[in-house]
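Line by line, the protein sequences are chains S and H.
The first sequence begins at 137 in the numbering used here and counts up one residue at a time.
The second sequence begins at 4 in the numbering used here and counts up one residue at a time.
A hint or two may mislead.
[What the hints assert, rightly or not] So the derived label-pair ranges between C-beta atoms look like this: (1) S:P175 with H:I49: 15 to 25 Å; (2) H:A84 with S:D209: 33 to 43 Å; (3) S:N198 with H:Q72: 15 to 25 Å; (4) S:Q153 with H:Q86: 38 to 48 Å; (5) H:S44 with S:A138: 22 to 32 Å; (6) H:K19 with S:L215: 30 to 40 Å; (7) H:G46 with S:D162: 20 to 30 Å; (8) H:E59 with S:P144: 24 to 34 Å; (9) H:I49 with S:G199: 21 to 31 Å.
[As the list claims (entries may be wrong)] Partial list, computed: chain S residues near chain H (C-beta under 8 Å): (10) G139; (11) Y184; (12) A188.
[To be verified] Partial list, derived from the structure: chain S residues whose beta carbon lies under 8 Å from chain H: (13) L181; (14) V186; (15) Y200; (16) S230.
Read the hints as simulated data drawn from the structure, not as lab findings.
Where is the CB? At the ideal position from N, CA and C, for every residue including glycine.
Letter by letter, the chains look like this.
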Amino acid sequence: NAGVTQTPKFQVLKTGQSMTLQCAQDMNHEYMSWYRQDPGMGLRLIHYSVGAGITDQGEVPNGYNVSRSTTEDFPLRLLSAAPSQTSVYFCASSPPHRQVPNTEAFFGQGTRLTVV
Amino acid sequence: AQKITQTQPGMFVQEKEAVTLDCTYDTSDQSYGLFWYKQPSSGEMIFLIYQGSYDEQNATEGRYSLNFQKARKSANLVISASQLGDSAMYFCAMRRGSTLGRLYFGRGTQLTVWP
Chain S
137 NAGVTQTPKF
147 QVLKTGQSMT
157 LQCAQDMNHE
167 YMSWYRQDPG
177 MGLRLIHYSV
187 GAGITDQGEV
197 PNGYNVSRST
207 TEDFPLRLLS
217 AAPSQTSVYF
227 CASSPPHRQV
237 PNTEAFFGQG
247 TRLTVV
Chain H
4 AQKITQTQPG
14 MFVQEKEAVT
24 LDCTYDTSDQ
34 SYGLFWYKQP
44 SSGEMIFLIY
54 QGSYDEQNAT
64 EGRYSLNFQK
74 ARKSANLVIS
84 ASQLGDSAMY
94 FCAMRRGSTL
104 GRLYFGRGTQ
114 LTVWP
């Protein structure tokens with residue numbers, strides 16, 4: 137089972153460049169999220185989606201865009217990369233917890249991004 | 004405002020001993036869920052255990068148990084019979100009933116198990 141697939145696993149960008157981090161899940165989950173992980177900060181929510189066509193901002197949305205045209209895919213776009221966006225990025229998905237209350241979020245393997 | 008607090012940046016435990024990792028949370032929701040994830044040095048996030056706010060029994064999964072004290076808003080993870088492979092970062096997280104699909108994470112506790 138593929139689960140949640142993130143690509144690429146590693147990326148180096150120059151300041152000002154743009155790029156898209158890809159996330160795909162094959163579990164038909166309605167909820168998908170993007171987090172960034174920085175040392176000593178835990179995981180912080182960037183953007184999330186509760187279904188195709190519906191997205192919303194999390195704690196740290198500045199500098200990032202998302203869209204959700206299908207249930208399976210939830211790409212994260214960096215518009216103009218900055219060194220402050222150097223981080224590890226995780227995509228996660230889960231079914232609606234009102235249907236499956238005790239289900240966990242399933243995480244991708246992460247993308248390590250360095251902006252120089 | 005920090006909704007999940009993990010006060011132990013690092014913990015050390017000897018192999019085969021038990022260890023408790025602390026987690027307190029803050030929410031006014033009546034319905035919420037609490038999770039623990041493990042992140043080994045390889046970086047992936049591994050789900051360990053879940054506790055619902057209405058669950059009357061403490062959750063258990065093998066060597067993991069969750070000491071849920073609702074009035075104190077604490078959800079401590081207990082690992083029994085520690086193994087060297089338990090060395091990892093551990094995150095406590097909360098899903099509030101009013102915020103669909105979002106997880107709030109603590110800053111994590113780095114656990115080191117020594118022989």
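Results of checking the hints against the structure:
| no. | hint | result |
| --- | --- | --- |
| 1 | S:P175 with H:I49: 15 to 25 Å | 19 Å, holds |
| 2 | H:A84 with S:D209: 33 to 43 Å | 42 Å, holds |
| 3 | S:N198 with H:Q72: 15 to 25 Å | 37 Å, violated |
| 4 | S:Q153 with H:Q86: 38 to 48 Å | 43 Å, holds |
| 5 | H:S44 with S:A138: 22 to 32 Å | 24 Å, holds |
| 6 | H:K19 with S:L215: 30 to 40 Å | 51 Å, violated |
| 7 | H:G46 with S:D162: 20 to 30 Å | 21 Å, holds |
| 8 | H:E59 with S:P144: 24 to 34 Å | 45 Å, violated |
| 9 | H:I49 with S:G199: 21 to 31 Å | 29 Å, holds |
| 10 | G139 | 11 Å, violated |
| 11 | Y184 | 6 Å, holds |
| 12 | A188 | 14 Å, violated |
| 13 | L181 | 6 Å, holds |
| 14 | V186 | 5 Å, holds |
| 15 | Y200 | 16 Å, violated |
| 16 | S230 | 6 Å, holds |
Figure legend: structure checked against the earlier numbered hints; hints not met, in rising order: 3, 6, 8, 10, 12 and 15.
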